[in-house]
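A.B. asks: Given next are the chains, with one letter for each unit.
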Amino acid sequence: MRHNVILGLAPLLLPYCALFCAGLTLTLAQSMGLFLPLGPGEATLEYYQALTRDQGLGLSLRLSLFVAFFSAAGSVLGGTVLALALWRMPPGLRRVGVVSKIGLILPHVAVAFLVLLMLSQTGLVSSALFQLGLISTPEEFPNILHTGSGLGMILAFLLKGVPFALLLIGAVLFGFDIRLIQTARMLGAGPLRTFWSVTLPRLLPAMHSAFIILFLYAFGSFDIPFVLGESHPGMLSIRVFDIFFHRDLSQRPQAMAILTVMFVFAAVFAMLYNRFAAYMDAWRRKL
Amino acid sequence: MRHAPTMLVLAFLFLLPVLVLILQAGAPGWRYPELWPELGLDGVRFLATRPGPFLTALTGSLGYSLATVVLTLSMTILPAKALAYSSFRGKTLLEGLLLLPALVPAMTFSMGLHFIFIKIGLADTAPGVILVLSMISYPYMLRALTTGYTLMGREYEICARNLGASKWRVFLEVELPQLLPAMAAGGSVVFLVAFSEYFLVFLIGGGSVASFTGYLFPLITSSNRGLGALVTLVFLAVPIALFIVLELGLYRYHRKRRMR
Numbered sequence: 001m002r003h004n005v006i007l008g009l010a011p012l013l014l015p016y017c018a019l020f021c022a023g024l025t026l027t028l029a030q031s032m033g034l035f036l037p038l039g040p041g042e043a044t045l046e047y048y049q050a051l052t053r054d055q056g057l058g059l060s061l062r063l064s065l066f067v068a069f070f071s072a073a074g075s076v077l078g079g080t081v082l083a084l085a086l087w088r089m090p091p092g093l094r095r096v097g098v099v100s101k102i103g104l105i106l107p108h109v110a111v112a113f114l115v116l117l118m119l120s121q122t123g124l125v126s127s128a129l130f131q132l133g134l135i136s137t138p139e140e141f142p143n144i145l146h147t148g149s150g151l152g153m154i155l156a157f158l159l160k161g162v163p164f165a166l167l168l169i170g171a172v173l174f175g176f177d178i179r180l181i182q183t184a185r186m187l188g189a190g191p192l193r194t195f196w197s198v199t200l201p202r203l204l205p206a207m208h209s210a211f212i213i214l215f216l217y218a219f220g221s222f223d224i225p226f227v228l229g230e231s232h233p234g235m236l237s238i239r240v241f242d243i244f245f246h247r248d249l250s251q252r253p254q255a256m257a258i259l260t261v262m263f264v265f266a267a268v269f270a271m272l273y274n275r276f277a278a279y280m281d282a283w284r285r286k287l
Numbered sequence: 001m002r003h004a005p006t007m008l009v010l011a012f013l014f015l016l017p018v019l020v021l022i023l024q025a026g027a028p029g030w031r032y033p034e035l036w037p038e039l040g041l042d043g044v045r046f047l048a049t050r051p052g053p054f055l056t057a058l059t060g061s062l063g064y065s066l067a068t069v070v071l072t073l074s075m076t077i078l079p080a081k082a083l084a085y086s087s088f089r090g091k092t093l094l095e096g097l098l099l100l101p102a103l104v105p106a107m108t109f110s111m112g113l114h115f116i117f118i119k120i121g122l123a124d125t126a127p128g129v130i131l132v133l134s135m136i137s138y139p140y141m142l143r144a145l146t147t148g149y150t151l152m153g154r155e156y157e158i159c160a161r162n163l164g165a166s167k168w169r170v171f172l173e174v175e176l177p178q179l180l181p182a183m184a185a186g187g188s189v190v191f192l193v194a195f196s197e198y199f200l201v202f203l204i205g206g207g208s209v210a211s212f213t214g215y216l217f218p219l220i221t222s223s224n225r226g227l228g229a230l231v232t233l234v235f236l237a238v239p240i241a242l243f244i245v246l247e248l249g250l251y252r253y254h255r256k257r258r259m260r
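Taken in sequence, the protein lines are chains A and B. Going by our numbering, 15 is the number at position 15 of the first sequence; the sequence numbering is gapless. Going by our numbering, 127 is the number at position 127 of the second sequence; the sequence numbering is gapless.
Quick caveat, the hints were computed from the structure, so don't treat them as lab data. C-beta atoms are modelled at their ideal positions from N, C-alpha and C, and glycine is treated no differently. Each hint should be verified, as a subset may be incorrect.
[Said to hold, decoys possible] Listed next, the stretches of chain A that the computed footprint assigns to chain B, with coverage defined by at least 3 CB atoms under 8 Å from CB atoms of chain B:
1) 8-17
2) 111-122
[Claimed, not checked] Coverage of chain A stretches by chain B, computed from C-beta distances (three or more under 8 Å per stretch; other residues unrestricted):
3) 85-91
4) 142-155
5) 194-204
6) 216-227
7) 252-261
Construct the complete structure from the given sequences, taking the supplied hints into account.
C.D. replies: This is the structure:
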């Protein structure tokens with residue numbers, strides 16, 4: 001029996017180890033100065049020590065966390081509200097929700113392009129304000145995209161994230177047993193109370209999954225920050241890219257050290273978040 | 001119209017961008033501060049006169065994305081069954097570990113993997129790109145198939161085996177038809193992930209693997225917004241066309257089976 005399980009899992013475990021684990025191992029090794037293109041070196045932690053002295057890195061980390069948190073939280077909130085609104089529609093009309101698939105299909109590069117088209121200082125919104133006579137030069141339009149605020153990136157992530165959250169949350173909601181709600185209402189619960197104690201608890205697992213996936217994706221993603229081109233301070237991924245491709249080989253371990261820290265953060269975050277969500281769930285049930 | 005606000009929000013979020021893309025594609029010279037573009041067909045004409053690089057990029061992306069779907073399917077079909085039907089110690093941990101490649105930043109392992117690929121000659125090749133794309137996308141296929149197996153249950157398989165069908169025949173005639181929706185769902189996500197990835201194709205493919213994202217990228221960062229918008233629209237149309245074909249195919253397949 002046990003033999004069978006291992007055999008059944010082998011087609012996945014082999015490539016998992018050969019590609020994912022091996023790739024990670026090499027990232028880790030190079031961050032410690034081993035197996036570099038210039039030849040094998042000696043194991044050292046100096047590149048990690050260098051990270052703690054790098055002030056720009058702190059700013060990049062802060063921007064990455066900021067963008068990841070607000071884009072994920074906004075997407076989950078927006079997706080939940082949209083899912084609830086669609087849920088209230090008659091099933092035939094509910095099909096209009098299919099347009100949200102556009103956001104899922106458009107690649108991140110294209111979504112970032114849309115943000116550029118709409119919100120750059122010479123973009124469409126700026127043009128509209130000019131025609132309305134509210135501004136007279138492009139410079140008067142607030143510089144949203146290149147100030148290091150991350151706002152443009154958050155908007156781009158939202159356009160991808162809202163339909164994703166809608167998909168996950170809608171899948172639970174549209175299959176929801178309506179009798180549960182009717183019973184709650186019959187027993188005298190108001191609409192708010194019904195939502196709070198009957199509907200929401202059943203949506204929470206999907207909301208948590210959506211949040212964790214979107215948060216970690218935005219945290220480590222490259223495409224959108226690259227197109228929207230903010231580099232002072234850039235997202236962590238842009239910083240790694242710059243060190244990796246635009247500086248000399250001797251700095252590569254530093255890029256790998258940042259990547260290792262990002263991996264550990266993502267793995268630990270996913271684990272702790274899951275624990276936390278399960279704990280909160282158990283605690284709420286006790287009440 | 002109680003539901004008008006919802007419709008407006010949906011239209012604003014998802015239809016307006018497409019409208020902007022269509023207008024921009026039809027008006028390459030659309031510039032600040034004009035609000036209404038002067039339409040022209042320069043972009044279409046440009047693609048029609050020099051279709052070579054565009055078609056190479058499109059077929060390249062389609063090719064490695066479909067190959068990624070096939071590879072992830074063959075990687076996960078047996079493991080999904082094992083995960084759905086057997087319980088063993090450390091199963092939850094293993095499931096968590098197997099989800100990691102889709103959760104952690106792809107850069108973290110792909111940059112190390114790039115170095116290995118250079119050493120073994122897989123860098124700058126299509127197989128290398130397919131392998132790395134499979135790594136970031138298989139968790140979606142695994143999840144879909146595991147759910148599919150769990151929903152199906154073992155009864156059909158046991159029954160068919162008792163009636164004397166071989167393992168292979170059980171898979172083909174009993175399990176496969178019931179798993180098709182799960183495969184289609186997982187395959188759609190895997191295709192989208194592979195088709196829209198820019199960075200990994202750029203890193204592992206190194207410019208010698210033609211990709212649609214790689215073709216689009218210089219267009220949208222340069223001043224040629226009209227052509228960029230046109231290519232983005234194709235980007236939207238190709239997956240939609242594929243999904244429609246897939247839906248129709250599944251529908252006809254099921255109707256045929258029912259008639260038999």
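A.B. asks: With reference to the structure, classify each hint as holding or not holding.
C.D. replies: Structure-based check of all given hints:
With a cut-off of 8 Å between beta carbons, the stretch 8-17 of chain A has 8 residues touching chain B; three or more are needed, and the interface restraint holds. Only residues whose beta carbon comes within less than 8 Å of a beta carbon in chain B count, and the stretch 111-122 of chain A has 7; three or more means the coverage holds. Chain B is given as covering the stretch 85-91 of chain A, and this holds because 4 residues of the stretch bring a CB closer than 8 Å to a CB of that chain, at least three being needed. Residues of the stretch 142-155 of chain A with a Cβ under 8 Å from some Cβ of chain B number 0, which does not satisfy the need for three, so the listed coverage is violated.
Restraint check on the stretch 194-204 of chain A versus chain B: 0 residues with Cβ-Cβ distances below 8 Å, three needed, restraint violated. Counting residues of the stretch 216-227 of chain A whose beta carbon lies closer than 8 Å to any beta carbon of chain B gives 8, which meets the minimum of three for the stated coverage. Against chain B, the stretch 252-261 of chain A contributes 4 residues with a C-beta closer than 8 Å to a partner C-beta. That satisfies the three-residue criterion, and the hint holds.
Against the hints set out earlier in the document, violations occur for numbers 4, 5.
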